[in-house]
Amino acid sequence: MHRPGMLSIWFFIGALLLAYGVLILGAGLYELAVPPEHPVVHADLHAGIWWGALLIALGSFYSVRFAPGRNKK
Amino acid sequence: MNQRLLSLSPVDLAIIILYFAAVLAIGFYLKRYTKTGEDFFLAGREMTAWVAGLSFLAANLGSLELMGWAAAAYQYGILATHWYWIGAIPAMLFLGLVMMPFYYISKTHSVPGYLKLRFGESSRALAAISFGFMTVLMSGINMYSMALVLKVVLGWDIHFSIWVSSLTVAAYVFLGGLLSAIFNEVLQFVLIWLGALLISIIGLIETGGWNGMVERIHQNFPGQNFTHLWSTLGSFSDNPMGIHWVGIVFGLGAIISFGYWTTDFLVVQRVLAAKDVRSAKMAPIIGSGFKMLVPFIVILPGLLGLAVLPEHLVGEGQAVATGAHSYNEVLPLMLARYCGPGLLGLGITALIAGFMSGMAGNVSAFATVWTYDIYRPFIRGNATDGHYVSVGRWCTILGVLVSIGTAYLVMQFQSIMDYVQALFSFFIAPLFGTVVLGMLWRRATPAGGFWGLLAGTVSSIGMWAWVKIDPLALRYVALSPRAKDMAENMYRALWSWLICVAVTVIVSSLTRPKPVEELTGLVYGCTELPSEGHLPLYQRPIFWASIVAGVFVVLNIIFW
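Same order as they appear, the protein sequences are chains L and G. Mapped onto this note's numbering, the consecutive letters of the first sequence carry residue numbers 95 to 167. Mapped onto this note's numbering, the consecutive letters of the second sequence carry residue numbers 1020 to 1579.
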């Protein structure tokens, strides 16, 4: 797991979550601006926005914390 | 049911495509770190307790875990939680505290490999051939089931789903072996949680919390009890599963779960990849902590479905006949209910990740058992390490191709699914009897181990065939003519384990045991286990196991 130069699994996870967060937050904001014709139950909670924000926060943390060059053990 | 349940938006598709790209990228990236047999088959034995523990759990989360158990929760209520709590937690803790040190210290590559060291070549051969055969068949069945789900839920072509998903798994396991499988399983574990958790959160908001959900279930299904774990198990007829607490405690909790969690190489292989004995002990304990939480993303959506879905779901046969939605569709229906664009893609990705992690688990375990327990001892014993890595890589491809073949076979002959799943269950309970006696009883002899394993397996098959031929036999095998399939499985496992143990003890007492010096590192009482006395309390596996055990007891009391 800690071979010289090997990226941490948590970096991969962070990067993917960050990308997902951006996509989901974007979709949530678009739905806020242009409400869909057939909204899901509890669309008023705007789950896409806060779930996307959560993924961005988690993804950013893991991407930075385990970024190449910082993961030296 | 020709109409698909869900429609994906471009952003949902982007999320799914990104997932496939990520798992393949991880495989390509890790190929450079997979040079030796130790790297390919055991991920270099360098995994931390956390990574091994999460991978251990993710490999089990595969197959039809998410969809299947959400459906079971809709059908049987909270009773399905027994498969996560009493049907997993004690066994996982036992694996970590008692059995893992022997697996690890013996330096075996696999569970059949341990049997070779403890009981000899014949036990290893029986275990390896059965495991290898069943694993690829199960992998194919899971593959077909996944493709079927994607067809029903998304309208995807069944051949497209089978080939794309299986070739993706083949590619990343071929490239990076167990290392790649474990990396992807941890990624898949995170995605499964983040994709499925939202259903439970929004569902509880809709029902006004747990009490509101229970109230709605009582309104929708008056007179039925879907929300108590133990209070309805005093009689076969008082609960929707038709099971008695004896079957749950002794069949599921004591035999099936111990058999699966402690001897199924699919999950044990992940823990063998841990970097040291303490990590190997901690990994199942960490896994058990998360396992206890899985009902929150699997069982709770099923219960919420009982509370909020306007229509009543039905069994698969009735669904096909009437066009109604089946139990198996509860999770996609809940996804469609709460998840808009983006979140829907994440939820579908969670389902695909679950299927793929299970498939990768099967394929990587198959490659290891084939290479180390069949190819090396019986076909070519003196080749180089590089040769075995090469065999392992090609075996991955072979395993996937056989799995695809099985998937197509199941497509033609649906009943094969029932037979193969039953066949798989024949082996697990007796294997647990053999392994646990081998580890804990120094008097167990090679002949006792082999004949006990064989007798347990054959008797299990015999009981299954007896009930198939004469359904009235159910009253003897499962102690009740009203017992359902699951209850029958519990009791069959219990009997076959008892037969395995009895035969092992009798044959062992009549044959010559191995000298004590040959049992070092393999058997309790003949092995010096590393002391943990110098570690602070919070670093000791027993401390965390006690916490998990305490929470396990409290949860069972709360939901009694």
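No wet-lab data here; the hints were simulated from the structure. This structure is a prediction, so every number in the text was calculated from the model and none was measured. Treat the hints loosely; a few may be bogus.
Computed beta-carbon distance windows for the label pairs [to be verified]:
| id | chain 1 | residue 1 | chain 2 | residue 2 | range |
| --- | --- | --- | --- | --- | --- |
| 1 | L | 131 | G | 1175 | 55 to 61 angstroms |
| 2 | L | 132 | G | 1341 | 20 to 26 angstroms |
| 3 | L | 128 | G | 1334 | 39 to 45 angstroms |
| 4 | G | 1398 | L | 132 | 55 to 61 angstroms |
| 5 | G | 1548 | L | 136 | 34 to 40 angstroms |
| 6 | L | 133 | G | 1343 | 38 to 44 angstroms |
| 7 | L | 116 | G | 1231 | 53 to 59 angstroms |
| 8 | G | 1174 | L | 155 | 35 to 41 angstroms |
| 9 | L | 132 | G | 1551 | 55 to 61 angstroms |
| 10 | G | 1239 | L | 132 | 19 to 25 angstroms |
Cβ atoms here follow ideal geometry from the backbone N, Cα and C, with glycine treated the same way.
For residue 132/L and residue 1551/G, compare the CB-CB distance with the range 55 to 61 angstroms and indicate the outcome. holds, 58 angstroms
Honestly, do residue 132/L and residue 1341/G meet the 20 to 26 angstroms range at C-beta? Cβ of residue 132/L to Cβ of residue 1341/G: about 25 angstroms, so the range 20 to 26 angstroms holds.
Starting from the range 19 to 25 angstroms, see whether the pair residue 1239/G and residue 132/L falls in it by beta-carbon distance. holds, 24 angstroms
Distance restraint hint 34 to 40 angstroms, applied to the beta-carbon atoms of residue 1548/G and residue 136/L: Taking Cβ atoms as reference, residue 1548/G and residue 136/L lie about 53 angstroms apart, which means the hint is violated.
Holds or violated: 38 to 44 angstroms for the Cβ distance of residue 133/L and residue 1343/G? violated, 25 angstroms
Could you tell me whether the CB distance from residue 116/L to residue 1231/G stays inside 53 to 59 angstroms? Check failed, 35 angstroms falls outside 53 to 59 angstroms.
When you take the CB atoms of residue 1174/G and residue 155/L, is the distance between them in 35 to 41 angstroms? holds, 37 angstroms
The hint says 55 to 61 angstroms between residue 131/L and residue 1175/G; measuring C-beta to C-beta, is that right? Check failed, 24 angstroms falls outside 55 to 61 angstroms.
Is it true that residue 128/L and residue 1334/G lie within 39 to 45 angstroms of each other by Cβ? Distance hint for residue 128/L, residue 1334/G holds at roughly 41 angstroms.
Range first: 55 to 61 angstroms. Now tell me if the beta carbons of residue 1398/G and residue 132/L are that far apart. At roughly 60 angstroms between Cβ atoms, residue 132/L and residue 1398/G fall inside 55 to 61 angstroms, so the hint holds.
Hint compliance for this structure: hints 1, 5, 6, 7 are not met, and every other hint is.
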